[in-house]
Amino acid sequence: MTANGKNNKPEQQAFSGSEWLRYTRHIQLPQIGAQGQQALKQSHVVVIGCGGLGSPVLLYLAAAGIGHITLVDGDTVDLTNLQRQILFGMDDIAQPKATAAKQRLSQLNPEITLDAVNEPLSLNNAESLIAPADLVLDCTDNFATRYLINDVCATLKKPWVFASIHQFSGQCSLFTPGDGHACFRCLFPEMPTGVADCNTAGVLGVLPGMLGMFQANEAIKFLAGLPTPLNNKLLLVEAIDLTFRQIQLTQSSDCIVCQQHKSADELDDFYSAACASNESDPLEVSAGYFESIKNNEEVLLLDVRTHAERSAFHMNGIHIPLSDLEGTISKLSKNKTIVCYCQSGTRSLKAAKQLKRLGFTCHSLKGGLATWLKSVR
Amino acid sequence: MINVVLFASVREKAGCDSLEVECANCTIKELKQQLMAQGEQWQQALQGNILAAVDQEMVVDSFILKDHCEVAFFPPVTGG
Numbered sequence: 001m002t003a004n005g006k007n008n009k010p011e012q013q014a015f016s017g018s019e020w021l022r023y024t025r026h027i028q029l030p031q032i033g034a035q036g037q038q039a040l041k042q043s044h045v046v047v048i049g050c051g052g053l054g055s056p057v058l059l060y061l062a063a064a065g066i067g068h069i070t071l072v073d074g075d076t077v078d079l080t081n082l083q084r085q086i087l088f089g090m091d092d093i094a095q096p097k098a099t100a101a102k103q104r105l106s107q108l109n110p111e112i113t114l115d116a117v118n119e120p121l122s123l124n125n126a127e128s129l130i131a132p133a134d135l136v137l138d139c140t141d142n143f144a145t146r147y148l149i150n151d152v153c154a155t156l157k158k159p160w161v162f163a164s165i166h167q168f169s170g171q172c173s174l175f176t177p178g179d180g181h182a183c184f185r186c187l188f189p190e191m192p193t194g195v196a197d198c199n200t201a202g203v204l205g206v207l208p209g210m211l212g213m214f215q216a217n218e219a220i221k222f223l224a225g226l227p228t229p230l231n232n233k234l235l236l237v238e239a240i241d242l243t244f245r246q247i248q249l250t251q252s253s254d255c256i257v258c259q260q261h262k263s264a265d266e267l268d269d270f271y272s273a274a275c276a277s278n279e280s281d282p283l284e285v286s287a288g289y290f291e292s293i294k295n296n297e298e299v300l301l302l303d304v305r306t307h308a309e310r311s312a313f314h315m316n317g318i319h320i321p322l323s324d325l326e327g328t329i330s331k332l333s334k335n336k337t338i339v340c341y342c343q344s345g346t347r348s349l350k351a352a353k354q355l356k357r358l359g360f361t362c363h364s365l366k367g368g369l370a371t372w373l374k375s376v377r
Numbered sequence: 001m002i003n004v005v006l007f008a009s010v011r012e013k014a015g016c017d018s019l020e021v022e023c024a025n026c027t028i029k030e031l032k033q034q035l036m037a038q039g040e041q042w043q044q045a046l047q048g049n050i051l052a053a054v055d056q057e058m059v060v061d062s063f064i065l066k067d068h069c070e071v072a073f074f075p076p077v078t079g080g
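Chains as they are written, first to last, in UniProt numbering: chain C, 1 to 377; chain V, 1 to 80.
Mixed in with the good hints, there may be bad ones.
Just so you have them, the derived chain V footprint on chain C, three or more residues with Cβ under 8 angstroms [unchecked claim]:
{"hint": "1", "region": "140-151"}
{"hint": "2", "region": "159-171"}
{"hint": "3", "region": "247-258"}
In silico BS3-like links for lysine-lysine, alpha-carbon gap of 30 angstroms or less [as the list claims (entries may be wrong)]:
{"hint": "4", "chain 1": "C", "residue 1": "K336", "chain 2": "C", "residue 2": "K353"}
{"hint": "5", "chain 1": "V", "residue 1": "K13", "chain 2": "C", "residue 2": "K356"}
{"hint": "6", "chain 1": "C", "residue 1": "K374", "chain 2": "C", "residue 2": "K356"}
{"hint": "7", "chain 1": "C", "residue 1": "K350", "chain 2": "V", "residue 2": "K13"}
It should be emphasised that the hints constitute simulated quantities derived from the structure, not laboratory data.
Here a beta-carbon is modelled for each residue, glycine too, at the ideal position from N, C-alpha and C.
Construct the entire structure; sequences and hints are all you get.
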């Protein structure tokens, strides 16, 4: 209704009554106001990874009223996730993460649009998923996907917020391609090797919460036009002693993406080489096979974890920590098939390779105790 | 004196969070060598893709350190 009382076409409104009420505490902030909240409502954010980092990121972005969120994850929810992936509960176990996350977030905020993509980010889908985004959040757990996000975002000039975690340590940064600032490859030009992920190294449950909230904080401020100090800076966080540093980054003069403008398609080999380590080694045996042979008399189970891990839980057999294996090998009998196991299958494969070189018949439990325990549950 | 602060797996492998080193006017590379000479745990801590920042700015190995600066050593991390 217009000022003169005539019933004309209704005046355009930025928010419905329920939206207005829901976002009141944002709109009250002079730095955000109705204008900033409308910018959030009109934004499309793509969150890659719905795990430890993705959980707090998605909860806060959905609560904040980001109008359109695409959730990308090819994984399913597992009991070991619940120690930190606060989006999920017991009922979600074995469900696809993106779909389970969408269900939870639509209960939190039915006013927003949510798309669940139940597949990992890959060279095939990266460009089409990222192209419509105003901002990308990297909540993944591996370098290959981080480089893919970097390279596609560089080509499409899409800003993205990076975070990663290790045990008690975290890193976070906002990359804005096309403005002369450093990219992820300027920082780490070569694919790092031998860096453990959360599944093998362990992680403090609140750490992805902390880092994910730094990501959500930068994302919301970026979209609402507020200062984003992590642009071209790398935040280093130590959760043990609460040490924080913000490192100023510099664009590298020989970056293959910033300077030579290589696209993700040209760098295809780079991502596949990084993922090659996920393939099976001939020494590895599946959890099912392990279950069928573990009680055979000809089989000797060898636990190569630490003393602390052994005392928490074990499956009988003998125990030699990987670090002591070299000095103890001569005491092992070659009459039995040795099946090495550890938490995730990394150390046991190293042990099996070491034993094989010395002429032992041996195997390694692929995926470690974690996978075996899930398969027999 | 130079204040060295360590992050993530670097502090875990070196077995300390921070330390003070007499190393003014030497380069990052020389500081790394001096620390790595302290034993195997330091060699493991600083080998590979370890990045360095001086007074919170990224630097290369040839950067020359001034007295009373802070050097941060940190690795790439990838969990999520």
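Taking each numbered hint in turn, which are not upheld by the structure, reported in ascending numerical order? none
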